[in-house]
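Okay, here's what each chain looks like letter by letter:
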Amino acid sequence: MKTTANNFLWIGLAVAVVLSLAWEFIPLNDASARLEKLPVQGLGFAGRDVPLSDTEAAVYKPARVMKRLYQVGKERVVLVAIDGSRDRHAVHDPLYCFHGAGWNVVTSRDVAVSGGSAKLLTLKKNDRTVEAVFWFSDGTERHTSVLRYWLQTTLRRLTLGCSGEEPLLVILQPLTGTTLRWDRLLVCFPLLFEF
Amino acid sequence: MNGSRVEWAVVVFCVWHSVDLLTAWRYSPLDRWGWLAFVLWLAPLAWMRTGAGRWTALAWIALALALTSAMAQLNVLAYAALAVSLAALAPWSWRALPWLALSVAWMPVLGWACQSLPLNTVTVLRLTLAAASVVAGWRAFRK
Chain A
1 MKTTANNFLW IGLAVAVVLS LAWEFIPLND ASARLEKLPV QGLGFAGRDV PLSDTEAAVY
61 KPARVMKRLY QVGKERVVLV AIDGSRDRHA VHDPLYCFHG AGWNVVTSRD VAVSGGSAKL
121 LTLKKNDRTV EAVFWFSDGT ERHTSVLRYW LQTTLRRLTL GCSGEEPLLV ILQPLTGTTL
181 RWDRLLVCFP LLFEF
Chain B
1001 MNGSRVEWAV VVFCVWHSVD LLTAWRYSPL DRWGWLAFVL WLAPLAWMRT GAGRWTALAW
1061 IALALALTSA MAQLNVLAYA ALAVSLAALA PWSWRALPWL ALSVAWMPVL GWACQSLPLN
1121 TVTVLRLTLA AASVVAGWRA FRK
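Chains as they are written, first to last, in this note's numbering: chain A, 1 to 195; chain B, 1001 to 1143.
One or more of the hints may lead you astray.
Claimed, not checked - Distance ranges between label pairs, derived from CB positions:
| # | chain 1 | residue 1 | chain 2 | residue 2 | range |
| --- | --- | --- | --- | --- | --- |
| 1 | B | Ala-1131 | A | Pro-39 | 54 to 60 Å |
| 2 | A | Arg-184 | B | Ala-1131 | 31 to 37 Å |
| 3 | A | Cys-162 | B | Ala-1131 | 42 to 48 Å |
| 4 | B | Val-1015 | A | Phe-25 | 20 to 26 Å |
Keep in mind that the hints were calculated from the coordinates and are not lab data.
These numbers were taken from a predicted model, which means no experiment stands behind them.
Quick reminder that beta carbons are idealized off the backbone N, C-alpha and C, glycines included.
Turn these sequences into a full structure, and let the hints steer you where they fit.
Set out below in structure tokens:
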């Protein structure tokens, strides 16, 4: 009886190993096309791609990450968009990362953007205070819930991409100064909130 | 040590899918000392009764969780699978359930859930839960 149960477990284990390996090799459609849709230059804004630091490259590998510096009017912002299609583990809860890096979240509020909302954070570390905005976007809807992101990406992987588009994590931070005039960004560069 | 070869093979399968634990313990400030919590949580297995009845269903549950984690790229399931696969090596009784639940002490999900607390508080909480798991395991597995 015990031997039979063990034999069934061996078979189950073999099936699990095969399925695990197979799932790694089945390609999942990524969000490259959406990332490429975001223009580098346009009326009222100009940007350039910024290479990732060694640490960032190590953390995000093998996910696709776009890091771009934009000048929008007088605002200079750094945009980081992470596509976890190839490795969802590269996409972390931004709040968790900020806390882990020693930042305290002083204020946190949702702001309306096209197709949903983004989260505007005021962060403090020692004497330094900065702002950051983040959201998850599947190209149509934007939200700030990491649980919803996990649910979307989990369903997507279990259904081999049939459940929808891969959500991107997008983070905006000011390059200079401490505040981000997101309302001006919304007006001057709406495409930033639409990809 | 308890456990048939196939149950140990299931543990190895779960370890394979849990390798990101090492990265979390090493680099994430919210997960530091997680390795110590893991060692403490494992300790009760050292004094469990050998040859006592195990519950094969646990190995199947671990297998299902690990496979789902691999397909969905969801680490939290892989870590739960690892905990359950190790529990499958022990003589099972419902008294072991608190010990199994306290496996959260070494998991990154604890750091995530407590991220708004100061880092030191999270570490103290983690090690306190790990110490509680030693007591719970001792009560469940003592000879």
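How the hints compare with the structure:
The supplied range of 54 to 60 Å is met by B/Ala-1131 and A/Pro-39, whose beta-carbon atoms lie about 56 Å from each other. A/Arg-184 and B/Ala-1131 have their C-beta atoms about 52 Å apart, which leaves the hinted 31 to 37 Å range violated. For the hinted restraint 42 to 48 Å between A/Cys-162 and B/Ala-1131, the CB-CB distance of approximately 46 Å keeps it satisfied. Distance hint check: the CB atoms of B/Val-1015 and A/Phe-25 are about 21 Å apart, consistent with the given range 20 to 26 Å.
Of the hints listed earlier, the one the structure fails to meet is number 2.
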